[in-house]
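Novice: Read off the chains here:
Number of protein chains: 2
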Amino acid sequence: MSEPTPLLVVGSVAIDSIKTPFGERERSLGGSATHFSVSASFFTEVGVVAVIGEDFTDEDEAVFHERRINTSNLQRIPGGKTFRWAGEYGFDLNTAHTLDTQLNVFADFNPNLSDTARKSPFLFLGNIQPTLQREVREQVDARFVAMDTMNLWIDTTRDELLKTIAVVDAIVINDAEARQLAEEPNLIRAARKILTWGPKLLVVKRGEYGAALFTKESYFATPAFPLESVFDPTGAGDSFAGGFMGYLAQADKIDETTLRRAIIYGSVMASYNVEEFSCDRLRKLQAEEIRARFHQFKEFTHFEI
Amino acid sequence: MSEPTPLLVVGSVAIDSIKTPFGERERSLGGSATHFSVSASFFTEVGVVAVIGEDFTDEDEAVFHERRINTSNLQRIPGGKTFRWAGEYGFDLNTAHTLDTQLNVFADFNPNLSDTARKSPFLFLGNIQPTLQREVREQVDARFVAMDTMNLWIDTTRDELLKTIAVVDAIVINDAEARQLAEEPNLIRAARKILTWGPKLLVVKRGEYGAALFTKESYFATPAFPLESVFDPTGAGDSFAGGFMGYLAQADKIDETTLRRAIIYGSVMASYNVEEFSCDRLRKLQAEEIRARFHQFKEFTHFEI
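Each protein sequence line maps, in turn, to chains X and S.
Counting along the first sequence from 1, when you hit position 238 you're at 238 in our numbering, and nothing is skipped either side.
Counting along the second sequence from 1, when you hit position 175 you're at 175 in our numbering, and nothing is skipped either side.
Looking at chain X on its own, in the form it has when it is part of the complex (with noise of 0.2 Å):
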């Protein structure tokens, strides 16, 4: 029986057709599973939970493959079609505007883990509907689980996300959705209020404005990566959650330096997903330029006391 990867994910692996005012492209390989998976790689082998249909092209698998993610929990089902979405951003790149989304394949996703993956230490769920982040959860014998959601699911599921919440030891959510979660405008009290409902750490993305950490002890927060171009601003957010689970699960600790130097690598990995379509800036990634901009983030937020 071959090892369990030391990191995990649940998630979507998905077709986008993508419109930015600088671009656009009408297959552009995507999903939260994807994007997290391909970010995480650069720190730890990472394991993918996720379903496909026939459309899915060799030319797609291989970005798995190139980045040596296991993908033998990647299920295809024949005669089945990937889950698609469309969207379609501004020039203030802040908010995605869904044009469609296609569940497919999706729809009956039913996963039930290999008995090796269900010994994986580190858990991701990625964004998808709370009951099935659930279980998956339940199935793996995971040391640190996080996840993450989106305002369909606080809206329309509210008590099953609050069920999900309750059995993860963290939550990798953006700022407008920690919020929404706790029906608070002060991102500092809703922080407080989520942390009371079983995760001990709550991690904030807020795009340009960077990233916040939130433990009952402890805070810490960073500014965003200055980036003079954003050309692509799908799975910043997967690719943040995989830096910060990818190097968690390399350094196989959960203390407060190791979870502030994983802000910054999520930052980091964030920050070179967005210049390109998809994972086309990841696939071209160099171990050296993740830690250029690593020491980058120290140069630009130090200050003499």
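Derived from the structure by calculation, the hints contain no laboratory data.
Hints are supplied without guarantee of correctness; some may be wrong.
Which copy is meant is left open, because identical chains are indistinguishable; a pair holds if it fits in one copy or across any two.
[Stated by the list, open to error] List of simulated lysine-lysine pairs, DSBU-like, C-alpha gap at most 35 Å:
| no. | residue 1 | residue 2 |
| --- | --- | --- |
| 1 | K253 | K200 |
| 2 | K119 | K19 |
| 3 | K298 | K193 |
| 4 | K193 | K253 |
Chain S: place on chain X using the hints.
Specialist: Only chain S this time, still in chain X's reference frame:
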């Protein structure tokens, strides 16, 4: 002849009427020069250039005296009425909705500075009509001049504004103003563009997201102090500028290390200012509290390489 104050500010001294989700105050001492000078007074001696009417009470003026602010260039117009502003904030507290503005004595404000005031080495041009800012700038033989502005002047007096920008060392504006001024949605590119117009420094205030400092060669950014309750955001930007300029004037030098510290001190002062109406919080602030938050900034932004 007396010594010039190390720091001079020109701007509005106002009587505000403010409504927030947490309360309202019919008569609240406000104005850019007020918030700026009260904040800066914790770092250095500051002189105010502004105009008031007969309705300005001894109680109002006591706020300046108790902070040892030099009011010898605060002109009182017999029979005049002080500048009035009425505004309201919604739950997000990010945007002030102006309900009423009465220029009153400000309509004919034509500052003629004392010989002493003209020798102040540090000068801040608060948010007033840009031609007026330039007239003051030309009277003062300052070593370092910074300015604020607002969307109104960007919209209505752009040419005059650009002339003023050309004769200052630093601009201290908010995020949306920087984008609007540069006609560029990407903040980093907006900053690069503005820095080709004359100023050596651009400070961008981002409200609850912190602040950033741009020069042609360097970049610095900090998140904001995490506040669980923001009571009244009025004057946050001016108290930020007061802390920033006050610290520079106290340090009496402009290098990267000093500028970065000044950004943090500005953030600290803004964080206290918004905790109560008007200058109420700063009036009872202790030097020890400023030091404490300055150190907290270091703590919550620090990460190890």
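Novice: What are the numbers of the hints the structure violates, in ascending order?
Specialist: Number 2 - this is the single hint that the structure violates.
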